[in-house]
Amino acid sequence: MLRIISTIAVALAVAGCGAKVPPVLSPAPTPAEVQQVRQIGARIADGVTLGLTLVDDTGRLLDGLPLSTELKDRYDCAALRLTGLDAPSATVTRVCGPLPTLAASPLALARTKLAAVTTCPSLRATVAVVLGEIDPFIVRLSLSENPSLVFAASAIRTAFAYARSFLVGGGECWAS
Amino acid sequence: MLGFLTFAGLKFAARKVAEALGSSRAIQVLDAVEAIERDVRAGATLIHDESTGEVLTAADVEARYAAWARQQDETAAQAAARIDARHAADGTGTP
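For the record, the sequence lines run as chains A and B.
All residue numbers in the first sequence are consecutive under my numbering, ending with 176.
All residue numbers in the second sequence are consecutive under my numbering, ending with 95.
No lab work stands behind these hints, which were simulated from the structure alone.
Beta carbons: idealized from backbone N, C-alpha and C, even for Gly.
Here are some chain B residues pointing at chain A (derived, C-beta under 7 Å): (1) 25; (2) 29; (3) 36; (4) 39; (5) 58; (6) 65; (7) 68; (8) 79; (9) 83; (10) 86; (11) 94.
Restraint-style ranges between C-beta atoms, simulated for each label pair: (12) B:94 with A:104: 18 to 26 Å; (13) A:33 with B:14: 49 to 57 Å; (14) A:86 with B:92: 19 to 27 Å.
Using the sequences provided together with the hints, build the complete structure.
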């Protein structure tokens, strides 16, 4: 089944390339659409910034209350797992265990992806982020020992390259 | 309204007592409570405040994400500092 789907995907891609179909899809958003997306991105960023301030203030509150050190540590370690920390002290490492760096933390990854699709929004920018996300999956497929999966990886890669060739325009910072 | 005034009055009285006793721990708790109040009010404003009609440039949006990154660094640094300080105080810190 997978082989059939892969074959069809490759056949469509090859047929499309052969036909030299001109780019028909222009994903460049209008200035109003860009503003809408930027407003959403800015509100999310403001909300997360505020949420982090609240996490910090609550940590200070808990720290001042007569609670067990273990409970306070558990709260601060949970915050650190979310934010990451560069060069933690020996005490922090012993108490919290291994922590992600600031750049590799879940919050930083979310921020990077969100910024990529909301600062200069376009379909092309969004597709680039999506492709980046699925690339490890395609690589894993292509390294498999199953010929069908290797073929599927090749077909998916070709199909996406073909789709990307249609995504002209967009990605520029409109109304900036 | 009455509840708010009572709460404000209680906070005022508690701060005066804490200051009179010189309890830094109690003052820390009161400061944190007031900071959380401010955060909650700012959150309510953020939720209820619909688009302001402000035209956002790419640089504006980048600045908002930069503020997020700065606050993330700050929150991490503060959490780590609290852990270090607690364990240094009770003698369980790792050198």
